[in-house]
Each structure stands twice: as C-alpha cells, then as structure tokens.
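Residue numbers (my numbering), protein chains in the order written: chain A, 1295 to 2029; chain B, 583 to 736.
These are computed hints drawn from the structure, not numbers from a lab.
Here a beta-carbon is modelled for each residue, glycine too, at the ideal position from N, C-alpha and C.
Be careful, since some hints might not be right.
As the list claims (entries may be wrong) - Lysine-lysine pairs mimicking DSS-like chemistry, simulated, CA-CA at most 30 Å apart:
1) B/Lys652 with B/Lys701
2) B/Lys701 with A/Lys1972
3) A/Lys1384 with B/Lys701
4) B/Lys675 with A/Lys1382
5) B/Lys652 with A/Lys1486
6) A/Lys1972 with B/Lys675
What the hints assert, rightly or not - A few chain A positions that, by computed beta-carbon distances, are all more than 10 Å from chain B:
7) Leu1360
8) Lys1496
9) Glu1573
What the hints assert, rightly or not - Not the full set, but computed from the structure, chain A residues with beta-carbon under 8 Å of chain B:
10) Gln1362
11) Ile1460
12) Ser1464
13) Phe1465
14) Thr1500
15) Asp1555
16) Trp1574
17) Pro1578
18) Ser1616
19) Phe1620
20) Ile1629
21) Asp1925
22) Glu1932
23) Pro1968
24) Val1970
25) Asp1974
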Amino acid sequence: MSAHALTRRTMLKAGALTVGFALAGLQTRAEGATPTPRMLDPNELDSFLAVDGDGTVTLFCGKVDLGQGLRIAMRQIAGEELGIGVDKIKYVEGDTALTPDQGRTSGSNGIQRGGMQVRRAAATAREALVALAAQRLNMAADDLIAADGQVRPKNGGAGIRFSDLIGGRSFNLKLNPKAPLKNPATYTLVGKPLPRPDVPAKCTGTFIYMQDFSLPDMVHARVIRPPAIGAKLVAVDEASIKDLSGAKAVRIKDFLAVIADDEWTAVRASRALRAQWSEWSGLPEQDKLVATLRGDSDITDEVLVNRGGPRAGAVLGAITRSATYFWPMQSHGSIGPSCAVADVNSEAATIWTASQGTHGNRKTFARFLGLSEEAVRLIYVEGAGCYGMNGHEDAAADAAILSRAVGRPVRVQWSRQDEHGWDPKGPPQLLDISGVVDPTELIIEWRTTMWLPQTTRGLPDIPLLAPAAAGLDDVRGLQPGMISQNADPPYRADHVQVLVHWLKDAPLRPAPIRSPGKPANCFAVESFTDELAAAAGLDSVEFRLRALSDPRGTEVIKRAAALMNWQSRPSPGPDRNAAIMRGRGFAYVHYKHSESYVAMGMEVAVERSSGRIRVERVACAFDCGQIINPDGVRAQVEGSILQTLSRALMEEVQFDRSHVTSVDWSSYPILRFPDVPKLDIVLIDRPTEPPLGAGEAACAPVGAALANAVFDASGARLRTVPFTPERVKATLDGV
Amino acid sequence: MANYRLRINGVERTIESADPNQPLLYGLRGLGLTATKFGCGLGQCGACSVLLDGSPTRSCLETIANAQGKSVVTLEGLGSIATPHPVQAAFIKEQVPQCGYCTSGMIISAAALLAEKPKPTEDDIRTALAGNLCRCGTHVRVIRAVMSASGQGG
C-alpha cells in the first residue's frame, strides 16, 4: 500500500483524498488504474488483511458501506477475531484493484456472507500470528493469546507486536475454514454499539460523497434522455447552445449529452440544447396494468413450492377464501440523484461509482468499452443511499462513455427528473392467493399464483441506458432481483403450492429495490393469513402462534405482541363506525425462510371522511442471530420500517404511454416528518448463532401489518398498494 | 463574467459567474463547499438548505444575484468535528445519519429552528423539518437529536 506507482491521480483535489475513513486515517484512492498489484483471490488471506509496519492492520473489503454501517461492523468482526482494536484497523472497500470480489453488497448479505469471510480471514491470521510468536518465544501456541495488536503469553510477560511478527510482509496462506474462532462469551468488540466512523464527517460537511468527488481537468456533463423511452435521436441543433461559453454537445447515435467546464453551465446547456426525437408510445396503459400482466401470454410457468399435492375431498366446516394483491412499480427514491466520475482512454478505464457492485460491474463495463476486464478499475465512493440498483450504474456508464469520447475525466450528475424518470424500477407484483381454513386445523390448503418479470438467465448485471443508446455491446434482458421468495406461508399447512407465471418483459426496466419482492409477497401472504384468521373467527396473533412450529419465530411474535400489549380478539375490532377508527395489525416473516425473524405490530387511526391513515405506532421484534453492532441493526430496522411505510402508503410510479410522469417529489411523494410513527423495537441477540442479514428483513412485514391494522380498525381490506386516501376511502365506502 | 460578493461562513468570498441567475448552490459547491447538497433543484427536498442572513433557505432556488451582499452559513460554517454546533454534536451522539446525504439540510433546518425557538416541542420539530426529506428513515433519530440539542430529553 505504501509504494504505489505515482500517477496524475495522486494530484487529486484535497477533498477526494478524504473519502470514507475518519477512524483510521486516510483511505487511499490515489493510485489510478494501475496500483501495485495486490492479491485479490478471495481464498487467500492476503486478499483481506495486511499487517502494516506501524501497528495497524488494513482490511480490504469487497462489500461496501452504503450507510448501513459495514465500516464499523467489519472492523468489529476482524478486530475481535484478530485481537486488535477497531481504531487500529484501516478499511479499504469496493475497489476492484484492491479488494477481493465478495459479490454485490445486496440482499442483506454484507455481514452474513461477507462478514463471515472477514471473520475467517482474521481467524486464519490470528492462528498464523500466534504460530509465529510461538516460534520466536519458544512457547506452545496454546500458551499464547492475541490481544491489543500483539501476541503475548497467557500468564503474563512480554509479547510481540503483530507488526514485529509480519509487518509489511505477506502471510501467503489460504483462508483456513478450520481456524479456531473465538468463543462468543469472550467477545469484547462484537455485540457492542460502537459508533460508525463516518458519522462525524457526515454531520460536519467533510465527508466526500460520490456527488462531491472531483478530478483535475474534469468536465461536467448532463445526459439528455429522450422524451419517450424508446425514442430515437433524429437531429441535434448544436447552435442552440453556442452562447454558453465552453458548452459542447456530445452525440453517439441516440446517446446525447452536454459537457462544460463548470456544472451550472452544463445544466443550462442541457436545458437549452434543442434536439428532435422520434415518436414512441410503447408503454402499457397504467390503469390497465393489472389486466395487462394477467393477460400476458409470453410467460414461463414455474412451480416454486408443491407440498402435500392436491387436497382430496372437502373438509366439513372448512372455509374457502381467495384474494388478489398488487404491489406497483416503485422508485428507489435516492435523495441525491445518481452521479459518477470516469477517466477512460483507449487502453484503460477508471470509474468512481456509488454502485453496490463494483466488482460485478467490471465485466459489464469492460464489455461495452471494448476493454479487457483487467484494464477496467471501478472504485466505490459512497453516494446518496441507493437501496438497491438505482441510477448509480447508469451514471457510471454515462461518464465512462463520455470520458472516452472527449478524452478527459467526466463527471455526470443526474437531475431529479433523471433519477425519478430513469432509475430502474422495483417491478410490479401481482398475486392471487386462495386458501382453505378451519378453526381447528387452521390452514388446510394454500395456493399462491404470481405474475412477475423474470430475470434473464446469464445476465452479468443490469442492462444500462448509455451503452444501449450509444449502440455499444450491451447486455439485454431483465434483472428484477430475487423477487419470488416468501410467497408461501411460514405456517403449518398440509397442501401448499406456489406457482409463478414468469413474464418475459416488464413495463419499465426493473432492478432490485430494497428487500426485492419480499414487501409485496409478505404483504400478500400475511394479509391473506389475516383474512383466514378473521374468517375462522380467531385472533390473528394466536392464529399465527398455533400454526407456527419454529421457536425463534414464536419468540419474535410473542415479543412483538407483548410490545403491543396485544389483547386477544378477532378482527375487525369495535371501532368500525367511529369517525376516527382505531385498530391494530400484525405480521410476521422468516426472511427468505432461512434468514432473520421479524414480527411487527402496528397501531393506526383511519379517518372515515377522508380515508387518511395515520400510523401511530410500530412495534417490532427482530432476531438476526448474532448481533455484530446493535445500534447498527437498530438503525437498519428503523429505516426498513419507515422506508417501507412510505412505499406502502404513498408510492407508485406514474407513467403514460411514452414515459414516467412522476419525476419529482410532488408527483412521487414520500414519507415526511409529520407522518412518522413512534417506533418500539426489540432486538433479540443470539451470540452463539450465525449472524443474519439485518438490512432489509424488517421491510417485508410492513405492508401487511398496516393493511391488517386498517382492516381491524374499519373492516375494509386493502389489497392494492399504495394505500392513498382516495383508495382507502373507496375501499371504506365499499364495505 | 461578473463577480458576486457574499459573506460565507464569516469570510468575504467572491463567486464568479456569467449568469446572475445561477443558483447559490452551484456557487457554494464551486468554491469547494460541498457540504450543501444537490437533491432536486426544485426546492422540494431540503438537501441544499443553508442559512441566508440567518433564515433557512433552499440554495438551489436562491440566485447568486439575490444572495449578493448577504451572509451565508453552510454546514461547514456551523461547526467542525473538533468544535461542533450543538445540533451537530447531538446528531453525532445519536448516530443519526445512515447515508447522510440529507443530513446537511436537516442540521441547518434544525439549527434555524433552535435559533428561533430554543425549546421546541416534538411537533414543532416535525413541522419545522417537514420540508426535509430523508429516504434512509432516520427520522426518529433526527427528532431525538434535536430534542437533545435543545437540552430536552436525550
């Protein structure tokens, strides 16, 4: 790390050197495309950890901090296992030239997968350091411990610092899956609410976001997207921006942009540039979207779950129900529109991006730039939260293509209208559920049928706007994420089938959005569970507890019910005729049927005259196994709840036949301070269990807990998101 | 090119621009003061909030011509890691930001509220910050931090 080749990138503006550190000094981002080669094989210890000569350790992490706190959590995991304080660990993240490929930072797997690789690396390193010290001290390894950055005799006496054992040199070891791990009972770092190192800089304006990053000799660009999604560029009137000093139009087939030396001139040029585009109106009608999905014949059927086969014969006294649920397309809604900087020439590309997947993007970028993967370096710089795949990757592709075209580093900043109009969307999800319930047997039969856009097989990443428009070698297809999970109930049922009609196309380009698919599937499954409980005349919490056998699931349900001071009775409640109807609802998820356990209760007030829902309180019990950092987990649960409440109450992408029409915060409103409920969250720590993802599981039950609360309050069943006052009023009027 | 003189974080500064209608936001960021964020350019999200002669102002809508001669305080000018403003200190203590992109505007709006009303109620805070959007869902921590900065609770 100390001897990288000097390039002009070392002359980065001062700000660019101060990205993402604060606890452990500067994070180097100054090597350009060809730093000193590092071991990057994720099976090798040296890929993850370097013991430096100055008493510090550098952790190289392919998973990135998006504001969810990996910078501290990963240090806690590594420091705990290695025996060194978090303030002695430097952290390098998401740089394809410096960090091993640990996969995208997505699907809530940062800790449960990436963190466990780091834990194994640190344990392997500790074992090696102890062995080295044993040799030097002529003692048995069992008589030594690693702590405070040194290995010392358990019974006292002088130790040897890590840096004196191996400082500056390589381990040359494979990760050892059998390296002994610390006993959780002895943890001093894991499980502690240590503060996140980026927070002070974020609160004082010294944190350099992707949007703040700059290079010498850089130009500012704005991309001009077509007025209709599939329109072709017919003509550009470059004279229309001739009065703007230094502004230039760049056209590559249907890809159109303006560049200028300063950002405001680029903005003005993007507004002034006159361009003629072809007509296009290939989108479906929004108000017929459900029928369009249902009627699509270009589908592939897949049975995801089939337990117990078809039920034979009728059950005396059983009740049959069926219902349809719909979750609309939604935007990631990043507060900062996407931004990227690229420096590309005919031999190499360096791209600074806030993408969750720098490593995974490398292949995509190499392909459309016509470069080898080795010649493409992507470097993560934290941007405004993206919550999945927003426009960060597209902005990076814009910048890369423009930099190659103009021969200078280029910064592309999207506008608000770009972000809302062109970020790939959370896909629409349509679910039919039918079931048979009996007050004694509970769920006898359950069938889910879903209509979902299918991920195109073999896609390295999401198709990007700029390469497609510029006629470059782009991948074609869909990548909505793992959206079919949790479509079957977590409860005991003899006959369960989940059938998905995979759609070959999607109305708007889909991409993973936080907790892909699960908020919709859990909304449907847990709403329908509530419908079955109500049909059977049973209290919905008791119903769930009786139908559930998983003890960890049972515990979160009991804990959330206790937070709610839950009184047993069937829904709807007694408040149905009041002007302001109050009710409570409940939902539960075992995330992906294999990860975190979440139970959630909600208290709402529904105004009959307006249909306005006021969420007054959310109670949540959350079990993600071993907790690395409880304050970090709590922040993620808070954020998951509020973001998904916003999605369930307010959010739906609006479009006409040509383009997205909800392109700002007034046409695509999100939750505001006056709408925020009281949150009561209990975390259940299980130090001896594996840590599970905490970044999105609490998103899943929000829609159902809310809809169930509205049903309890009013007797009206909401089955289509968002629960706008107009929709609620119409549903209330129909009861 | 014309010069626009402002007092920014207590220092006389000059913004050069060919366009008197250039938003103050771009002028500030062009000077390297990047704490103030571009969020929408429409005055809808609050990420670009600064204090202009003490009043919370959307710098994406305020022109440099109009801001000339006035006093601007950005997040950088409010305090530093070594000597944070009470609202900054409370935001750090409560570990408010996740991505933190809205934080600059949040802290500016909250500082303006406390300057006007040193002991706000929780409802006052919700109302004062209603124009500041947060997508990460840090709202309950923001409210707690502002209460704490005002010497209430926390």
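The hints, checked one at a time:
no.: 1; hint: B/Lys652 with B/Lys701; verdict: holds, 28 Å
no.: 2; hint: B/Lys701 with A/Lys1972; verdict: holds, 21 Å
no.: 3; hint: A/Lys1384 with B/Lys701; verdict: violated, 41 Å
no.: 4; hint: B/Lys675 with A/Lys1382; verdict: holds, 22 Å
no.: 5; hint: B/Lys652 with A/Lys1486; verdict: violated, 47 Å
no.: 6; hint: A/Lys1972 with B/Lys675; verdict: holds, 20 Å
no.: 7; hint: Leu1360; verdict: violated, 7 Å
no.: 8; hint: Lys1496; verdict: violated, 3 Å
no.: 9; hint: Glu1573; verdict: holds, 28 Å
no.: 10; hint: Gln1362; verdict: holds, 7 Å
no.: 11; hint: Ile1460; verdict: violated, 33 Å
no.: 12; hint: Ser1464; verdict: violated, 35 Å
no.: 13; hint: Phe1465; verdict: violated, 34 Å
no.: 14; hint: Thr1500; verdict: holds, 7 Å
no.: 15; hint: Asp1555; verdict: violated, 11 Å
no.: 16; hint: Trp1574; verdict: violated, 26 Å
no.: 17; hint: Pro1578; verdict: violated, 28 Å
no.: 18; hint: Ser1616; verdict: violated, 34 Å
no.: 19; hint: Phe1620; verdict: violated, 23 Å
no.: 20; hint: Ile1629; verdict: holds, 5 Å
no.: 21; hint: Asp1925; verdict: holds, 6 Å
no.: 22; hint: Glu1932; verdict: holds, 6 Å
no.: 23; hint: Pro1968; verdict: holds, 5 Å
no.: 24; hint: Val1970; verdict: holds, 4 Å
no.: 25; hint: Asp1974; verdict: violated, 10 Å
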